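Enquirer: Each chain is listed here by its residues.
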Amino acid sequence: MKKLLLGDEAIAQGAIDAGLSGVYAYPGTPSTEITEYIQQNPVARERGLHSRWCTNEKTAMEAALGMSYMGKRAMVCMKHVGLNVCADPFVNSAMTGVNGGVVVVVADDPSMHSSQDEQDSRFYGKFAMLPMFEPSSQQEAYEMISDAFEYSESQCLPVLFRVTTRMAHSRAEVEVKIKSKAENALNYSALASNWVLLPVNARRRNDKVVAQQEQLEEDASLSCYNTYERLGGQNRVEGASPLGILASGIAYNYVMENLRTSKGVGVPVLKITQYPLPKTMVRRLLNDCERVLVVEEGQPFIEEQLRGVAESKMVLGRLTGELPRTGELTPDSVRCALAALGVQFAESPHGLQDATIARAAEVVAPRPPQLCQGCGHRDVYTALNEVLKEFENPRVFGDIGCYTLGFLPPYRAIHSCVDMGASITMAKGAADAGQWPAVAVIGDSTFTHSGMTGLLDAVNENADITVIISDNLTTAMTGGQDSAGTNKFEAICRGLGVAPEHLHVVVPLPKNMEEITRTIREEINYHGVSVIIPRRECIQTFKRRGKSYKQ
Amino acid sequence: MKSDIILCGVGGQGILSIATIIGEAAMAEGLYIKQAEVHGMSQRGGDVQSTLRLSSEPICSDLVPRGAADVIISMEPMEALRYLPYLREDGWIITSSVPFVNIPNYPEMAAVEAAFAGVRHVVHFDIEQMAKEHAIPRSANMILLGAAQPVLGLSSEQLDAAVRRVFGRKGEAVVEANIKALALGRAVHPEH
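Line by line, the protein sequences give chains A and B. The letter at position 46 of the first sequence is residue 46 when you use our numbering, and the numbering goes up by one with no holes. The letter at position 77 of the second sequence is residue 1077 when you use our numbering, and the numbering goes up by one with no holes.
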């Protein structure tokens, strides 16, 4: 049966069909749709697969390990920076190993379409000594998920499954199975001697995992997803080639898009979609070619490894300038690199005249994203800006979410945004340094993700900070997923020790501006921890609910 | 058959519903499809685009190369200009003529129109006015899709059938409004 699926959806469907028992995730672009698909899938619902959102990526990874401990298959999904949050359980999951299969899907975001950096998760996989899969198409993503679970169980290790934005958020037709595999039964075979990471056990496991690396590499060299063939051109010749290509994951598509119309002799292409990098295959490519162009999405992960194997002048790519050092690859950047290395093309795109394009470019103005009309964050920033005008050097520490857009005009309201939860802890550090007023602005979902522990630090030292938890009752930036702390924020803050008289809830609407500004002013003037919770539903989820009522 | 399409507009204007209909029609024809979408931050009132590639042969790249797009379908005139580097020399622009002004430095409309001058095939018209006049105010994006149909490589019957399947669960009135919208748009195209 064929379905038109996003890469994310192909992964989700593949996992369900592979006998998944639970998906554990925190929303993050471009990974969110995997979990959403499972939440809505009829088979998943009928089976009662776990698919509720987790508080953060760390709780997600640990819950998945628990499910694996009991013998069942679990998947963890996150965006690349989420892997930083769950790095501790992720890296140590190689030490415990798994019982039921564990697949950790990480969606990287080269070019930072919706992220604060473009880190490449493959470095984490290598660092943790785990096998990695990186599909080149939606169909492969669907099929490889099932193989990843099998492989995870056969090697007793989690598998890191890496995709990038264009794979996650691009649709293609995918041939799917009619019937989903049954879930694993509960079993009790997980050994405490593997799972209790006391040094005495961990040393033994570490030796085992190190010894396993050779096998993992051997398996990668035999994987049906890693292929080596001469592609493109009209003539097939054997023997040395002036140019060879190593392409991984989705980058392979950009190479093929161009080689489709290349002239002359075919080019040896090594396609890598399963890691560790199989050195036997790489050596073969290096032996067959005078120079090798490495085409990979993300950072020069393979390219650096190749430079350790071959003479550096042989290895070309992002580090040598043939391809851009940063940002997402495109069919155009790959074509440019191939052309510069002597590949000739039978046909080339015939675009508009340069003058026409230049004239249009002069007219087109940038259109950055902005807070929605009617959004409660707008009223929060209006009030905050009005109050802070009264102070000499106010500083506002922002956080990750829609409200980060408060940096842009017309508000220009925040002075920092680093990672989930950093608003509260940075405000505290600034207050420790002597800053006043030090204000933190954090969303509801970000607060439960990583803000609560920081607030406890602040309470324990009675730091002179004002925390605004802008609560819109949802995880809005990623499209309106459930937020873990909804209806619990006052109780959480009180439980962490915030004084009840310095804990306020307001409704961010223009008509309440007097009350909101007065509250903010009073709490800034209180020299201790205060929390103000402006609470009004996200305008997007509100509209959507309105629509579903009408239908 | 091969058709490379760029859909663009401003977040919230409904370009993904256009993509859904084209994708549905192409699937039913057994064509290969690649459709890259934009999710996340830029959906908040920023510029958004989606590329759609249809072909009777397998498709490699999810992205359309520069100078290769057969048509740009835009819900907003300035946004159409943003993607000109991707248009083929003999490609088409099918765009709404109504500016969506949510930035302080939106260009003069005269400058926007002048920039279309170097493009051979441009269809621009007020899709929202047309939708209002025909009492189908929520189907402006389907009017635009109708105007692009003659250059998409898909027949009007195929698009109509896709609308029936996609909007079917919303009731006959919604289906009819959108099929009417496709026909109205189609009549605007000079080669209909």
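Everything labelled a hint here was simulated from the structure, so no lab data went into it. Quick caveat: nothing in here was measured; it's all calculated off a predicted structure. One or more hints might be untrue.
[What the hints assert, rightly or not] Result set (SDA-like, lysine to any residue): computed pairs, CA atoms no more than 25 Å apart in a straight line: (1) Lys543(A) x Ala1161(B); (2) Lys2(A) x Lys1002(B); (3) Lys3(A) x Val1166(B); (4) Lys2(A) x His1124(B); (5) Lys1132(B) x Gly1067(B); (6) Lys279(A) x Asp120(A).
Enquirer: Between the alpha carbons of Lys3(A) and Val1166(B), is the straight-line distance 25 Å or under?
Expert: Holds. Lys3(A) to Val1166(B) sits at ~14 Å (cutoff 25 Å).
Enquirer: Is Lys543(A) within 25 Å of Ala1161(B), Cα to Cα?
Expert: violated (29 Å)
Enquirer: Given the hinted pair Lys279(A) and Asp120(A), is their alpha-carbon gap at most 25 Å?
Expert: Given pair Lys279(A), Asp120(A) holds - Cα atoms ~21 Å apart, limit 25 Å.
Enquirer: Straight-line Cα separation of Lys2(A) and Lys1002(B) no greater than 25 Å?
Expert: Given that 25 Å is the threshold and the Cα spacing comes to 20 Å, the pair holds.
Enquirer: Tell me if the straight-line CA distance from Lys2(A) to His1124(B) falls inside 25 Å.
Expert: Status violated; Cα separation ~36 Å.
Enquirer: Regarding the pair Lys1132(B) and Gly1067(B), is the alpha-carbon distance no greater than 25 Å?
Expert: violated (35 Å)
Consistency note: the structure conflicts with the earlier hints numbered 1, 4, 5.
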